[in-house]
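S.K.: These protein sequence lines are chains A and B, in that order.
Under the working numbering, think of the first position of the first sequence as 1, with each following residue one higher.
Under the working numbering, think of the first position of the second sequence as 1, with each following residue one higher.
It should be emphasised that the hints constitute simulated quantities derived from the structure, not laboratory data.
As the structure is a computational prediction, the values presented were derived from the model and not from experiment.
Treat each hint with caution, since some may be false.
Unchecked claim - Beyond 10 angstroms from chain B on every Cβ pair, some chain A residues (computed): (1) Asp23; (2) Thr48; (3) Asp69; (4) Arg148; (5) Asp171; (6) Ala173; (7) Pro204; (8) Leu216; (9) Asp223; (10) Thr240; (11) Asp248; (12) Arg249.
Claimed, not checked - Chain A regions said to be covered by chain B (calculated; three or more residues, Cβ under 8 angstroms): (13) 96–102; (14) 107–115; (15) 123–135.
Heads up, the beta-carbon is just placed ideally off N, CA and C, and yes, glycines get one too.
There are 2 protein chains.
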Amino acid sequence: MRIIGEKINGTRQRVAQAIEERDSAFIQDLAAKQAEAGVAWLDVNAGTRQDKEPDDLIWLVETIQSTVDVPLCLDSANPQALVAAIQVVEQTPMINSISGEPQRLEGILPLVAEHGCPTIALAMDDAGIPETCEERMEVVRKLMETARAHGVPDDDMYIDPLAMTLATNTDSALITLDTMHAIRQEYPETHLIMGLSNISFGLPARSYINRAFLILALAAGLDSAILDPLDRELRAALVTARLILGQDRHCLGYTRAYRAGLFNGMESNS
Amino acid sequence: MRIIGEKINGTRQRVAQAIEERDSAFIQDLAAKQAEAGVAWLDVNAGTRQDKEPDDLIWLVETIQSTVDVPLCLDSANPQALVAAIQVVEQTPMINSISGEPQRLEGILPLVAEHGCPTIALAMDDAGIPETCEERMEVVRKLMETARAHGVPDDDMYIDPLAMTLATNTDSALITLDTMHAIRQEYPETHLIMGLSNISFGLPARSYINRAFLILALAAGLDSAILDPLDRELRAALVTARLILGQDRHCLGYTRAYRAGLFNGMESNS
């Protein structure tokens with residue numbers, strides 16, 4: 001399971017403020033804490049100040065790289081910002097993200113191919129997020145066809161089947177899980193990734209839904225996720241799911257996490 | 001989802017004491033609380049005083065029936081105790097359980113057929129619990145063949161695929177889930193039931209494992225379970241899993257449970 005730490009995201013108000021004020025200490029603290037939690041990549045999103053995005057992204061990348069040694073995941077829909085940031089990254093970055101939207105696909109895919117970047121590909125196009133599994137697979141097939149035509153290896157593709165909130169469609173999680181099964185079937189060399197929290201948008205006690213959905217997604221083949229690596233509940237759900245899914249030899253990961261106190265205070269009865 | 005309340009079980013020390021002392025108030029309190037939590041059946045197990053089991057079971061049944069109106073699940077491996085208890089039950093009881101063990105199968109199945117009882121059937125025989133999914137299915141096939149020969153409808157069969165602890169075999173949950181899928185495939189009219197807690201025997205933070213396993217089992221088709229209906233964490237996991245699995249129209253069950261306070265104090269972030 002590869003985790004992409006989600007906390008350095010300029011659409012969050014406190015992070016946007018730090019970017020605007022060039023508050024290195026705040027950003028470096030977020031980077032260090034997530035690195036310590038063992039993320040595979042740190043997501044870096046410069047937020048919504050569009051004409052300033054390239055400069056903001058470069059500043060973020062340099063600020064983070066001066067503190068930690070973790071590969072970055074450059075998070076932008078803007079090819080110009082990505083081109084600028086790729087010049088300053090020290091390790092090959094992940095790109096977040098392409099989709100079936102022509103601007104994103106044609107603007108970003110050549111970059112990905114040129115630099116050999118692992119890339120998140122969203123199962124949506126300019127018509128939005130398709131309602132059904134079959135329609136999402138049509139988008140995925142087009143994405144995969146184009147990526148292969150550009151010489152991107154399947155193993156660099158991190159496909160996000162997308163999850164819409166259960167609040168407006170109670171079949172939403174099933175559609176996402178079905179799409180994951182279909183992707184596993186047709187493109188076994190690709191990775192499956194997800195942002196977890198959309199599933200519970202607009203509902204109460206969201207983290208409870210997110211955790212249960214994470215467990216089902218792992219069983220369906222999820223092998224990477226964009227999440228808050230400091231969320232103890234999510235980490236506990238991850239460790240537990242790995243144990244149940246036969247991915248934790250001799251229960252070592254689980255018992256170590258227990259001894260390290262991961263489950264403390266979460267239990268009514270142990 | 002049909003719940004069988006597990007708390008009136010004479011193998012628990014406090015319940016054994018209540019049975020020995022004919023402490024009606026203690027038993028009736030356990031019955032009333034579980035009935036209020038909405039169980040479909042109340043499990044009634046008279047424990048291990050073998051020659052006294054028929055009398056103890058009759059006393060339990062009469063004590064419970066004088067307080068609540070919920071059907072009972074007579075839990076015994078002893079045909080004599082079951083014959084005695086069936087005479088005094090007011091509603092058709094569930095029987096817990098038969099298995100491939102000849103004494104249990106031949107001793108109990110005729111009773112089940114005669115009285116039209118829903119029955120729990122364990123995927124094990126006198127050689128114990130088979131290691132593999134395929135071997136468990138062999139036992140299930142024999143059980144189903146015998147039950148059908150006795151005229152028991154498939155819809156009365158509640159098959160328990162059995163879960164051994166992950167502590168000694170980390171593939172244990174996967175074997176159970178695979179067996180559930182196979183049963184769903186071959187015997188679509190039967191029910192799938194489970195006692196949840198074996199899966200975590202000998203491991204720390206057991207309720208965390210039990211809840212994650214419950215979510216995966218529900219996705220695999222579990223439609224009934226023997227559990228503690230007063231365990232708030234388990235009920236929250238159930239409600240959440242139903243929402244995610246598309247079984248909660250308009251999220252009504254989930255939002256009602258939330259408003260009733262089911263998730264209170266379980267969340268680090270909502």
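S.K.: Hint by hint, say whether it matches the structure.
M.R.: Going down the list of hints, with the structure as the test:
no. : hint    : result
1   : Asp23   : 23 angstroms, holds
2   : Thr48   : 24 angstroms, holds
3   : Asp69   : 29 angstroms, holds
4   : Arg148  : 32 angstroms, holds
5   : Asp171  : 5 angstroms, violated
6   : Ala173  : 4 angstroms, violated
7   : Pro204  : 5 angstroms, violated
8   : Leu216  : 6 angstroms, violated
9   : Asp223  : 17 angstroms, holds
10  : Thr240  : 5 angstroms, violated
11  : Asp248  : 6 angstroms, violated
12  : Arg249  : 6 angstroms, violated
13  : 96–102  : violated (count 0)
14  : 107–115 : violated (count 0)
15  : 123–135 : violated (count 0)
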